[in-house]
Amino acid sequence: MRVDVGPVSDFEDHRVRIVHAGNLEVGVLRWRDRFFAIHNRCPHQKGPVCLGIVSGRLGGAAPGSMEVDDEIPVLACPWHGWEFELERGHALWDENYALKVLPVSIESGRVLLDVGRSRD
Amino acid sequence: MYSGPVIDCDVHHARNTDAELIEYLSRGWREYVTDRGPAGNVPLAVQDGFPNPHGFMRADTYPKGGGEPGSDYATMRDQLLAASDVRRVILTFGDDSHVAGHHNPYFAAELARAMNDWSIERWLSKDGRLSSSIMVGSQLPDVAAAEVRRHADRPGMVQVMLVDNPFNRGFGHPVFHPIYAAAEETGRPVAIHGGAGGWANPPSTGGGSVSTYFETHVLWPQAIQTHLVSFIAHGVFEKFPRLRVVLVEGGSAWIPSLLWRFDMEYKGLRREVPWLKRLPSEYFASHVWVTTQPLEVSPQKENVVELLRSMSLENRLVYSSDYPHWDADEIDYLSTRLPADWHRRIFFENACRLYGWKEEDLAPPRTAARGSA
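Chains as they are written, first to last, in the numbering used here: chain A, 1 to 120; chain B, 1001 to 1373.
Think of the hints as simulated: they come from the structure by calculation, not from any bench. Just so it is clear, the structure is predicted and the values come from calculations on it, not from any experiment. Hints are supplied without guarantee of correctness; some may be wrong.
With a straight-line cut-off of 25 Å between C-alpha atoms, the simulated BS3-like cross-links for lysine-lysine are [what the hints assert, rightly or not]:
1) A:K46 to A:K100
2) B:K1239 to B:K1277
3) B:K1358 to B:K1267
4) B:K1277 to A:K100
5) B:K1358 to B:K1126
6) A:K46 to B:K1267
7) B:K1277 to B:K1267
8) A:K100 to B:K1267
9) B:K1267 to B:K1239
Model the full structure from these sequences, guided by the hints.
As structure tokens, this is what we get:
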């Protein structure tokens, strides 16, 4: 089932907006021209993960270095700070531990979520 | 009981007199140490401020001909080497091992150099089963690294040993990295021996100083824990991917709980150390070994075994006796505390992997009769 959650213009860049789609509370992130939708429940302790901070992925090529990759948005749960890549929803420290990510599409300037299936 | 081949990874050899070590100092440093008239020599070793109520040595290890425990090869041979099928022993020095506790960094560097030469000439030459730690004055990391490289072509100098901490920074701090660069380059593991601090250096007790040897000895693992966490958090194993570390005399039953907490904290605090590419426990499992002594004693012996098994420590533990110290663990005793199918790994095979020895190269000694002269 696809759910229309509003026009693209309603979504501020680099911000997560909470919407309701079917029975799910979903956080929709606009990251420049990309959109991501995440079930607002952390797999760790079921915290409201979408209320956490979004940033580019921090990495370090060598000890002591700190670099940010703006192409890879990361969401940190406000409970305990566990970080997840939004493209596939997986934790930064485990490919197999993931948020529930919903497919997003843009049609005629509107944001549509597919709540009938998730990417995981 | 286990009767197979043994590698003992912590045996303390010692000198009897200042003169033994002074002989290996440069002429200038000899003059500095000895020319004090009636005041006697400048002390060569940093002294422990906590007296052991029993003394630090097993009473039966004092050589019959006099001298300090660990100072006489024949006594060590009869009591330790000939008592079981010992194929290799890693010598770890006595009070001199606290060389990094000296306030004078230049003196420490010279002492460390002299100690290593003393160990080579007075010990390694006596028995092919003996190998030695390389002591370094870590007060001067670049000089320490040069000392490690000086022994690159001496296969009997098998590891770099750190005990005292001159900088009040965990051993993962970059100030120590020149030493690790040399260790990795020369293929030597870094051994971190418990018992550092409490007198000349930062206390090994995190919450504050303690009052008795009893307390400080119970809490020895604290300093080892600090260094282990420091090594992994600072990305030492990312910077030096071939480096191996062995934790000596800090116990082992605490390792699962520390690593469980370490992994849990990493999940939330990774942003502070983004150079780490794996979970802390994964770095541990591929870079760190742990000596057995003193094995923690649980009232039900399976409790400790289950803890160790939970982190597959049967593949990371290496046997150590701590001879001739008061709290040394015997092979027969340890055999009764650990599952039989772990014995060969812990007493022999794991140390072969740690030190890069082929089992077939460690042939039994030709003469190893107990009590032989």
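>> Holds or violated: B:K1239 and B:K1277, Cα atoms, limit 25 Å.
In response: Holds. B:K1239 to B:K1277 sits at ~11 Å (cutoff 25 Å).
> Going straight from one Cα to the other, do A:K46 and B:K1267 come out at no more than 25 Å?
Replying inline: Holds, at roughly 16 Å.
> Going straight from one Cα to the other, do B:K1277 and A:K100 come out at no more than 25 Å?
Replying inline: Holds, at about 24 Å.
> Has the given pair, B:K1358 with B:K1126, been kept, meaning a C-alpha gap of at most 25 Å?
Replying inline: 22 Å, holds
> Can the restraint linking B:K1277 and B:K1267 be considered satisfied, given a maximum Cα separation of 25 Å?
Replying inline: Roughly 12 Å between the alpha carbons, so the hint for B:K1277 and B:K1267 holds.
> Does B:K1358 pair with B:K1267 here, judged by a C-alpha cut-off of 25 Å?
Replying inline: Roughly 38 Å separates the two Cα atoms, so the pair is violated.
>> Just to be careful, I want the Cα atoms of B:K1267 and B:K1239 compared with a cutoff of 25 Å; is the pair within it?
In response: Measuring from Cα to Cα gives roughly 21 Å; hence the hint holds.
> Taking only the CA atoms, is the gap from A:K46 to A:K100 under or equal to 25 Å?
Replying inline: Holds, because 12 Å separates the two Cα atoms, which is no more than 25 Å.
> Is the straight-line distance between the alpha-carbon of A:K100 and that of B:K1267 25 Å or less?
Replying inline: 18 Å, holds
When the structure is compared with the earlier hints, a violation turns up for hint 3 alone.
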